[in-house]
Amino acid sequence: MTLDISRDQALDLLRDMIRIRRLEEKSAELYSKQKIRGFLHLYIGEEAVGVGAMHALREDDNIVATYREHGHALIRGIPACEIMAEMYGKANGCSGGRGGSMHLFSAKRRFYGGHAIVGGGLPIAVGLALADKMKGESRVTACFFGDGATDEGEFHESLNLAALWKLPVLFLCENNEYAMGTALYRHVSDRDIANNPPAYGIPADSVNGMDVVAVERAVHNEAELVRETSQPRFLELKTYRFRAHSMYDAELYRSKEEVEEHKKQDPIENFQARAISDGLVTQADIDAIEADAAKEIAEAIEFAEHGEWEPVEDITRHTYARDLS
Amino acid sequence: MAEFIMPSLGADMTAGILAKWRVAVGDTVSHGDIIAEVETDKGLIEVEVFESGVVERLLVEEGEKVPVGTVLAEIGAESAAAAESPRKADASHRPRGALAPSPAHRAGSTGPAAAPGSIISAGSSDVDLDGPLASPAVRRRAHELDVPLEGVQGSGEHGRITLDDVQGVAQGGAAPAPSSDRIRISPYARRIATERGVDVSQIRGTGPGGAIQANDVLSARVPEPRKSMPAAERMQRAIAAAMTRANDEIPHYYVEHSIDMGRALAWLRETNASLSVSQRLVSGVLVLRAVAHALRKHKKLNATWQGGEAVPSAGIHVGLAVSLRGGGLVAPALRNTDEGSLSDLMARMTDLVARSRAGVLRSSELTSSTITLTSLGERGVESVTPIIFPPQVAIVGCGATLERPWVVEGQVVPRPIMRVTLGADHRVSSGHQGARFLSTLDRLLQDPEKL
Amino acid sequence: MTSDEIRSTLLTCLTDVAPDLADEEIEDDADLRDELDLDSMDILRWVQGIHKALRVEIPEEDYGKIASLNDAIAYVAARI
Amino acid sequence: MTTYRDAVRTALQTLLREDSRVFLMGEDVGRYGGPYAVSKSLLKEFGEERVRDTPLCESTFVGAGIGAAVGGMRPIVEVMTVNFSLLALDQVVNNAAVMRHMSGGQFEVPIAVRMATGGGKQLAAQHSHSLENWYAHIPGIKVLAPATVQDAHDMLLAAVEDPDPVFVFEHQMLYGIEGPLDTEATPPSPWKAAVRRPGTDVSLIAYGGSVHKALTAAEELEKAGMSAEVIDLRSLRPLDRETILQSVSHTHRAVVIDEAWKTGSLASEISAILAEDAFYELDAPVARVCTLEVPIPYAKHLEEAAIPQVDRIVEAAKRTVGDG
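Chains as they are written, first to last, in our numbering: chain A, 1 to 325; chain B, 1 to 451; chain C, 1 to 80; chain D, 1 to 324.
Heads up, none of these hints are tricks.
With a straight-line Cα cutoff of 16 Å, these simulated EDC-like cross-link-like pairs (lysine to aspartate or glutamate) come out:
(1) A:K256 to B:D33
(2) D:K223 to D:E315
(3) A:K256 to B:E37
(4) B:K20 to B:D33
(5) A:K33 to B:E51
(6) D:K318 to D:E222
(7) A:K256 to B:E46
(8) B:K20 to B:E48
(9) A:K108 to D:E108
(10) B:K42 to A:E251
(11) A:K33 to B:D12
(12) B:K65 to B:E37
(13) A:K33 to B:E48
(14) C:K65 to C:D34
(15) A:K135 to D:E49
(16) D:K121 to D:E303
(17) D:K223 to D:D311
(18) A:K135 to D:D19
(19) A:K166 to A:E137
These are computed hints drawn from the structure, not numbers from a lab.
Throw the hints in and build the complete structure from the sequences for me.
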C-alpha cells in the first residue's frame with residue numbers, strides 16, 4: 001500500500017518524528033550525566049502519535065498533555081532550546097525552570113501543559129472547552145492521556161460532563177499498553193478502551209498509533225467533527241513505548257522479546273522505508289534531516305548550558321499574581 | 001577519546017554496581033549499544049553507550065560498586081584505536097585483578113558538581129562558625145544585660161554559651177543560679193521588669209499557675225524610676241524572696257548548743273594586746289573560722305539543694321549575715337573561709353563588712369555562699385532561730401556572749417557563754433548530724449590558737 | 001587642735017565606716033551602739049580610722065569610754 | 001437588614017449581571033436553588049448557560065472550573081460542603097494552586113470556589129467539619145471566611161475579581177443571620193483582619209462562625225470586668241499577621257477560637273505566629289479553643305460539646321488572667 005501523501009508532507013512528518021527521537025536520545029544521555037534531573041519520561045516509540053496529532057490540529061486549538069510530552073511540545077512549536085533549558089531547570093526554559101520535563105507550558109501556543117497527575121488534565125480540558133463554548137469560539141480542545149488514565153474517576157466524570165454539556169473536547173488516548181509497569185489487561189476490565197466512551201454517548205474510534213499517516217488522518221477527521229458538532233469525540237491511539245517508564249527501569253514487567261517484537265513497528269524506520277520505496281524521500285533527504293536535527297539539539301544544549309539560574313531570592317515568584325509577603 | 005561513565009539511572013541513584021560487561025577491550029561499539037549491566041536498587045539495568053568507537057580500557061571490574069559519574073571505560077575513535085592497537089592488546093591481556101589504578105574517583109568528584117541540585121546545598125557547609133556559639137535567647141539576654149559574648153566562657157556543649165553563663169557574667173562571674181531558682185513569669189512581664197529595673201524575685205505572681213504577669217510587675221513597688229536601684233536594696237530584695245521560699249519549702253530542724261567562750265576571748269585579748277590597731281581581731285572571726293573548720297568534718301551541711309537533691313559544695317564559703325542600718329540584710333560570702341591565716345580572714349571580713357555597708361558588694365559574693373553564719377549577739381539576743389538561705393542546706397546563728405553561771409569541775413562559776421543554733425535542712429541531714437557539728441564547733445573554740 | 005576639729009575628724013572617720021550616717025544629724029551624746037546601730041566591727045574600724053588620722057590608739061578595754069561622740073571627743077582630746 | 005444568604009445572592013447577581021465571563025456552577029445551584037437557597041431565582045434570571053447544575057462529580061466540575069478560568073472565564077463554583085470538596089482536592093492542590101507556578105507565570109486560574117463549612121445543625125460526621133486549615137495550608141490559593149453579612153457580599157466580589165484561585169468558606173450557621181448591607185460603600189481589603197470589638201485585656205482571635213461566639217464571650221467577660229478585643233481574621237490565607245500581632249501587643253493575652261480540630265489547626269498556626277513574633281509581648285500562655293478531637297457527633301448535646309462554645313471561650317480568657 002502506497003502512502004497517499006505529498007513529498008512535502010512526508011518530509012514534514014519524518015522530520016518531526018526524527019527531531020523528537022534525537023532530542024530524547026540526547027536527553028537520556030544528559031540525564032545519565034546529571035544535567036537533567038527529576039523524572040524523565042521518554043516518548044521513543046510513540047512519536048507517530050504526537051507528530052500525527054499535532055499536524056492534524058489547528059494552531060488555534062488547545063492542547064492538554066501528559067508528563068510524557070516533550071514530543072507534543074516540540075511539534076506544537078515550543079523551540080527545542082526552551083524545552084532543553086526547562087529540563088536543565090534554567091530560567092530561560094519554557095516554564096521558567098519551575099516545571100521541568102513533566103511540566104512544559106506555552107501560553108502562546110495554547111499548550112496547557114504537561115500534567116503529571118494521571119487523569120488530572122481531563123477536567124481542565126473539559127473546562128477549557130466549556131470556556132470556548134460559552135465564548136462562542138470554534139476551537140477544539142485536544143486532550144492527551146494514557147491508558148492508565150482510563151482507570152481514574154476523573155476520566156469517566158470528564159466524559160460524562162463533556163457529553164452532558166456538549167463540549168468540544170477531542171479525547172486522545174495514547175494506549176501504550178502499560179500504566180507505568182502494569183499491563184493493560186491487569187488494570188482495565190475491558191481491554192478495548194474505545195468501548196468506554198459510547199456509554200456516555202461519545203463516539204469512539206481506534207487507530208494504529210505506530211502509523212503517522214493514519215494518526216494524522218484520524219485525528220484530523222475527529223477534530224473537524226468535534227468542531228462541526230461542538231460535541232466531544234474519542235480516539236484511541238494504539239502505540240508502544242520502547243524505553244523504560246521513566247528514563248531507566250529494570251523492565252521487570254515485560255520481556256525483552258515483547259519489546260523487540262514491537263520495535264519491528266518502529267514508526268520512524270517503517271515510515272522512512274515506505275517513503276523511500278514510494279519515492280517520496282531520498283537518503284540524502286534523511287541525511288539532511290538528521291544533520292538539521294543534530295544541529296537543532298546542539299544549539300538547544302548550548303542554549304540550556306548558558307541559561308541563567310533563576311535567583312533564589314525570586315523563589316516565591318509565580319505563586320500568586322502579586323507576591324503576598 | 002570518550003569516557004563511558006557510571007550513569008545516573010534515577011534521581012535517587014548515587015552509586016551503582018557494575019554487574020556485567022557486555023563488551024571486551026577492542027570491541028567496536030556504536031551509539032545506543034548496550035555495553036554494560038548495572039545493578040541498582042530498582043534491579044538490573046542495561047546501560048547504553050552514547051559514543052561510537054572502540055573499547056580501549058575497562059576501568060571497573062564486574063561486581064565493583066562505584067559512584068555515579070565514575071569512568072567505567074574509555075572509548076577511542078575507531079581509527080585512533082587501530083593506530084594504538086599494540087597498547088590495546090596489552091590492556092586486553094592484563095589480568096582482571098590488575099586494572100588501571102582507579103582514575104574512577106577523579107571523575108566521581110567532578111561529575112556531580114555540575115548537577116543543578118547543587119545550588120541548593122552551596123554554602124551550607126561553610127556556615128560561619130566564627131564568633132561565640134550562642135542561641136538567640138542568649139544573645140538577646142546578653143544584649144539586655146550589656147554583656148559582650150566574646151568574653152563569656154561557654155559552659156554548654158561545644159562551648160556553647162548558656163543563659164546562665166551570661167547571667168553569671170552580668171553578676172560578676174557568679175556561678176550559674178541553680179535551676180530551682182527559675183521564676184514563673186510571662187515573657188512580657190519579664191521584658192517590662194527588665195525595662196523598669198524591677199527585681200522579679202520580689203514579686204508574687206497572680207497569673208496562671210502563680211506566674212508573674214505584667215500587672216504584678218507594674219504594681220510592684222519600684223522605689224524610684226532609676227535605671228537601677230542601689231545594689232544593697234536589690235540584694236536585700238533578693239534575700240527577702242529567698243526567705244519566703246525557704247520558709248515555705250525547706251523542712252528545718254534546729255539544734256542548740258551553749259559554748260564556753262572563755263578561752264577564746266582570753267586568747268583574743270592577749271593576741272590583740274600585741275597587735276597594732278589595724279591588725280586587731282574580733283571574736284566574730286574566731287567563730288567564723290571555727291564554723292569553717294567544723295564544716296570540713298561535717299560535709300553534709302556544706303551543700304546546696306538542686307533539683308531535688310543535695311549537691312556537695314566544692315569549697316567552704318561561709319556567708320556572713322550583715323545587717324544594714326535601715327533594716328536591710330545581706331549575707332555575702334567569704335570564699336574559702338577555712339583557708340589562709342586568721343589575720344588574712346580578719347582583713348577579708350573587714351573589707352566585706354565595709355563594702356556591705358557601703359552597698360558595693362559584687363553579686364557573686366551574694367550567690368556563692370555554701371552556708372551562712374548570722375550573729376545577733378551584739379544586740380543582746382540570747383539565741384537565734386535562723387532561716388536557711390536557699391539553695392544552702394544549713395545556717396548557724398549566734399546569740400550574745402553573756403556571763404552565765406557555769407559548772408566547771410563541780411563549781412558554779414561565771415563564764416562567758418554563747419548560744420549557737422544550727423538550723424538545717426532535714427532533707428539533707430539529721431538532728432544527730434547537726435548536734436555533732438555543734439560539738440565539733442565547741443571543741444574548736446576551746447583551742448583558739450589552732451584556728 | 002580644737003574640739004571642733006577633733007569632732008570633725010571623728011565624724012569623717014565615722015561616716016567612712018557607716019556612709020549612710022553622712023546624711024543624718026548625729027547628736028553628739030547619742031549612744032553609738034544603741035542609737036546609731038554600730039556593731040563591734042564598726043567600732044573596730046572606727047577605732048582604726050581614728051588611729052590612722054590622729055595617731056591615737058584606743059585599746060579594746062577603753063571601748064566603753066567612747067560610747068558617744070562627746071565621749072570620744074573627750075577621750076581623744078586628752079590623748080592627742 | 002439583610003440575611004447572609006441574601007447578601008451572597010446579591011453579590012452573585014451583581015457579578016452575573018456585570019461580567020459576562022462570570023457563571024455559577026455546582027450541585028443543585030439551579031433548579032433546586034442551592035442547598036442553602038443561596039442561588040434561588042438566579043436560574044430564572046440568568047439561564048442554564050450561566051447557572052449550571054452539575055453532575056455529582058466534585059473533582060471534575062471543580063477541575064472544569066479551573067480549566068474555564070484558565071480559558072478566560074470567571075467561574076464561581078459552589079461545592080455543597082467542605083466534606084464533599086475533598087473529592088476535588090486533587091484539582092485544587094495539583095492544578096489550581098500550581099498552574100501559575102508550574103508554567104512560569106504563563107497561566108492564571110481566576111476561579112472562585114464557595115462552600116459551606118462548620119457544624120451546629122446536627123448533620124453529623126460527614127457534613128459538619130471545618131477543614132479551612134487544609135486549604136489555608138496551600139501556597140497558590142487564597143482563603144476567605146466571611147463572618148458578617150457585609151463580608152459575605154464583599155468577599156465574593158473580591159474573590160471573583162482576584163486573579164488567583166480564591167476559596168470562600170461560608171459557615172452554615174451564618175446563612176440566616178441578619179445584618180446591615182451597604183452595596184455602595186467601598187469595601188475594606190478582604191485580606192486584612194478586622195477588630196470587631198476593641199478591648200484591652202485579652203484578644204479573642206476567631207474567624208467565620210466563631211467570630212459571633214467570641215463577641216458573645218466578650219460581652220460576658222465585660223460583666224466579669226475583663227475587656228476583650230475580638231479579632232475577625234477574615235482572610236485565612238494570607239493571614240494578616242500584622243493585625244494579630246498589633247492586637248496581642250496591646251492586650252498581651254490571646255485566645256484563639258477555631259472550629260477545626262486543635263491538632264494542626266489554624267489556631268496552632270496563629271499560636272506559632274505569636275510565639276515567633278510576639279513572644280516578648282505575651283503575658284500568659286496562648287489559649288486555644290477548638291473542636292474536640294472527635295468526628296462531629298449527631299446528638300445535639302454531643303455536637304455542642306464538641307465544637308467551641310461561648311462558655312469555653314470565657315473560661316479560656318479568664319484562665320489567661322490567672323487567679324489574680
